[in-house]
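Asker: Line order of the protein sequences matches chains H and F.
Under this note's numbering, the first sequence has 59 at position 59, and the numbering climbs by one with no breaks.
Numbering-wise, this note's numbering comes out as the position in the second sequence, counting from 1, plus 1000.
No incorrect hints appear here.
Derived pair list, reagent style EDC-like, types lysine to aspartate or glutamate, alpha-carbon separation capped at 20 Å:
no., chain 1, residue 1, chain 2, residue 2
1, H, LYS112, H, ASP87
2, F, LYS1013, F, GLU1089
3, F, LYS1019, F, ASP1073
4, H, LYS108, F, GLU1046
5, F, LYS1063, H, ASP1
6, F, LYS1012, F, GLU1089
Quick caveat, the hints were computed from the structure, so don't treat them as lab data.
Only a predicted model underlies this, so the values are computations on that prediction, with no experimental measurement involved.
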Amino acid sequence: DVVMTQSPLSLPVTLGRPASISCRSSQSLVYSDGNTYLNWFHQRPGQSPRRLIFKVSNRDSGVPDRFSGSGSGTDFTLKISRVEAEDVGVYYCMQDTHWPYTFGQGTKLEIK
Amino acid sequence: QVQLVQSGAEVKKPGSSVKVSCKASGGNFGTYTISWVRLAPGQGLEWMGRIIPLVDVTNYAQKFQGRVTITADKSTSTAYMELSSLRSEDTAVYYCAIVLPVPNFDYWGQGTLVSVSS
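Excised from the complex, chain F in its bound form (with noise of 0.2 Å):
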């Protein structure tokens, strides 16, 4: 059983940076695919990125690209997104995930909500 737990909420300016964490244990952290979702006020869920930890891989969607950093430490099992240049259409709630095409591999940190305002 793996559990994903996320660091606590941030309020940020625009055009800082956030980085948000995501610890896994109960599983074989550096096999998995690491994956970034958001969900802004209003919005849908949006993936933002992912990382295989195991060989350092990563993959962001275009919308992103270049502002998004998504990286891994295996000696804590844990993952980082950070978001840069923030707007405020970058309030939201991040989560961090681990979905895999098999029964029941489906996990999710809790969120973390990211507030941006002047």
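In isolation and in its complexed conformation, chain H is listed as follows (with noise of 0.2 Å):
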């Protein structure tokens, strides 16, 4: 199974700072089609998860554009340039590019 590495696990962030997040993949999740199939979720406690970036870079209607996704190959970021307070969660990073699908480990975000 493809191991999915996220750093850091936890995320505490001044409202209005930017943060960042790193996914690593144990092996590249570029397809046969081409495509990165490299999602990321945001998860209330309580609440499903929401994908806000899916194929690497792709925001979800909705998803205000503080949100960036980026990367290649086995290497990627989640950032927010901003945080708000109603991002407080956890973030977790997807590749569907191999079966079965794997999660990385989590990174629970929360306000300094």
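Using the hints, put the two chains back together into the complex; each one sits in its own frame.
Answerer: In structure tokens:
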């Protein structure tokens, strides 16, 4: 199985400051069609996960543009340009290039 | 707009089985891939398996192979996840999901808490 390794696992951030989460995969996430199927999800306590980013850098509708995804191959990053109170929760990277799909361990973002 | 509504919370004894349902509405059920994901206390999200109802194809994560069975009833647009030989470590919230790599195709059920305790 592809192992997804996130860092940091805990991310205390001051409101209005930027935040960044790294995600590394144990093998390349480039699929045979040339696409890279790397997603970012956000989950608040008691809620279902919500996807923020698909295929590395594509934001879903309704996702604020302060969220951005980047990376290639095995190294990926989620950046929040200015953290707001509603951004608290756990962030997961997830690959759906290789079966079984796998998630990172999760990064818990909290407000300092 | 797809909606996924799951069955209610379950309390089970170790060694027993649980079957969670996921009813879809608002889309073309048969053509979607429906996945099951779980979140155990203090753990991260874990992908368990998936089914494509149109062709009745299933895939399971090796960790759950032999214990999980995912099925779908196209006539009622409902998917099921059955987990057998339950142990305390299976206590988790179980989600069904339809996630496609196209804009905004990210749909999740509300989650079903399965508690395993003697």
